[in-house]
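Engineer: Make a model of the complete structure from these sequences and hints.
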Amino acid sequence: MARKPKKGLTYFPMDIDIFQDIKIRKLIKYQGGKAISVYAYLLCSIYKDGYYMRWDNELPFIVSEVTGYDEAYIHEVIKSCLNIGLFSKSLFDKEKILTSKGIQERFILVMKNSNRVSEIDEFNLISSEETPISCQETPISSEETPISSEFGTQRKEKEIKRNKIKGNEETPPPLFEKIDYKKIVDEYHQKCPKMPKIQSLHENRKKSIRARFKDFGESGIIQMFENAALSNFLNGENDRNWIANLDWLMNPSNFTKVLEGNYKTIIRNGNQSNNQKSFAADGYQVPM
15 MARKPKKGLT YFPMDIDIFQ DIKIRKLIKY QGGKAISVYA YLLCSIYKDG YYMRWDNELP
75 FIVSEVTGYD EAYIHEVIKS CLNIGLFSKS LFDKEKILTS KGIQERFILV MKNSNRVSEI
135 DEFNLISSEE TPISCQETPI SSEETPISSE FGTQRKEKEI KRNKIKGNEE TPPPLFEKID
195 YKKIVDEYHQ KCPKMPKIQS LHENRKKSIR ARFKDFGESG IIQMFENAAL SNFLNGENDR
255 NWIANLDWLM NPSNFTKVLE GNYKTIIRNG NQSNNQKSFA ADGYQVPM
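302 is the number that this note's numbering gives the last residue of the sequence shown; the numbers go up by one with no jumps.
Any given hint could be a false lead.
As the list claims (entries may be wrong) - Cross-link-like lysine-lysine pairs, in silico, BS3-like; alpha carbons within 25 Å at most:
#1 LYS205 <-> LYS228
#2 LYS228 <-> LYS211
#3 LYS126 <-> LYS108
#4 LYS126 <-> LYS43
#5 LYS40 <-> LYS103
#6 LYS205 <-> LYS278
#7 LYS221 <-> LYS271
#8 LYS221 <-> LYS205
#9 LYS43 <-> LYS221
#10 LYS205 <-> LYS40
#11 LYS62 <-> LYS126
#12 LYS211 <-> LYS103
#13 LYS108 <-> LYS228
#14 LYS43 <-> LYS115
Stated by the list, open to error - Computed beta-carbon distance windows for the label pairs:
#15 GLU109 <-> ASN255: 31 to 39 Å
#16 GLY250 <-> MET28: 44 to 52 Å
#17 GLU251 <-> GLU109: 47 to 55 Å
Simulated from the structure, these hints should not be mistaken for lab results. Ideal Cβ positions, reconstructed from N, Cα and C, are used throughout, including at glycine.
Structural biologist: Structure (C-alpha cells):
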C-alpha cells in the first residue's frame, strides 16, 4: 500500500544570521527575548500543515499553554509580528490568516529542491497574478529571489495547506483591542510619579498614544514608563531646569530612546551618572 503524501514539514532549520534580521531584532526589542519562542511555535504550526495558518478563538490559549506565557502577552507578540512584517498584516486584516511572502517563497523553493509537487493557490503573496504558482512551472532560485530570514532558512519543505488549522468556526474576535487611554494614563501616573500629572486627555495626546500603541503595544508603552522612572535626568535632576512629561515621552524619537534605555541613570563606583550620549534636546521640554 502506498504511503500517503506528507502534508507539511517534520522539521525546519534556522538561519545562522537570524538575529541580524531587522524584523527579529525589532521583535526582541519590543517584546523581549521570550517573544522568539512564541514566534517559533507559530512557525512550527504553520510549517506542520503548509504555508499559512488561520487565526481562531483558541490560538492564544494554545500558544499560552505551550509556552507558559499569559494570553495577553501572546496577543501583544502577534500584534508586533504583524506590525513589523513577520506576518502579512493586510492579509490578516482581510482573511484572519497568518503567513508572509517569505514563508511562501521558502515553501516553493524547498518543494522544488525536494522534488515535491505543490503550488500556492490560496492567499498568494508572491505574485500579483491570479494564476496559482507551481513549484514545477515557476521555479524560484535562491540567487534570483532573495529570501528574508524571518526565523527560517533558505531551505524549507512545504506542501499546500489544504487542511487549515481548525478551531472555533465562529468569527474570531478582533485581535487589535480598543485602546484603554485611561489605563495608559494611570500607568504613567503610577510609574512616573515625579512627572507632571495629566489634567486632560485631548485628541492630540490620544493620537500620539495611538501611534505608539500601534508600533509597540501596551506592554511597550508600560516598559517605556518604567525606563523613564529610572532616569534621574528625565525626572528633573539636571541643569536644564526641565522635567519630561507624557507628551515628551510620546514623541516618536524620545519614546524609542527611552524604551531602549538610553536615558537610564548609571551607577559607577557608588556614584550616579546619566547616560550622556542620548541627552539630545529631542521633541520639546517642560520647564519645572
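Engineer: Against each hint, give a clear statement of whether it holds in the structure.
Structural biologist: For each hint, the structure was consulted:
no., hint, in the structure
1, LYS205 <-> LYS228, "21 Å, holds"
2, LYS228 <-> LYS211, "24 Å, holds"
3, LYS126 <-> LYS108, "30 Å, violated"
4, LYS126 <-> LYS43, "35 Å, violated"
5, LYS40 <-> LYS103, "16 Å, holds"
6, LYS205 <-> LYS278, "14 Å, holds"
7, LYS221 <-> LYS271, "20 Å, holds"
8, LYS221 <-> LYS205, "21 Å, holds"
9, LYS43 <-> LYS221, "23 Å, holds"
10, LYS205 <-> LYS40, "24 Å, holds"
11, LYS62 <-> LYS126, "18 Å, holds"
12, LYS211 <-> LYS103, "36 Å, violated"
13, LYS108 <-> LYS228, "18 Å, holds"
14, LYS43 <-> LYS115, "23 Å, holds"
15, GLU109 <-> ASN255: 31 to 39 Å, "54 Å, violated"
16, GLY250 <-> MET28: 44 to 52 Å, "46 Å, holds"
17, GLU251 <-> GLU109: 47 to 55 Å, "52 Å, holds"
Violated hints, in rising order: 3, 4, 12, 15; the structure is consistent with all others.
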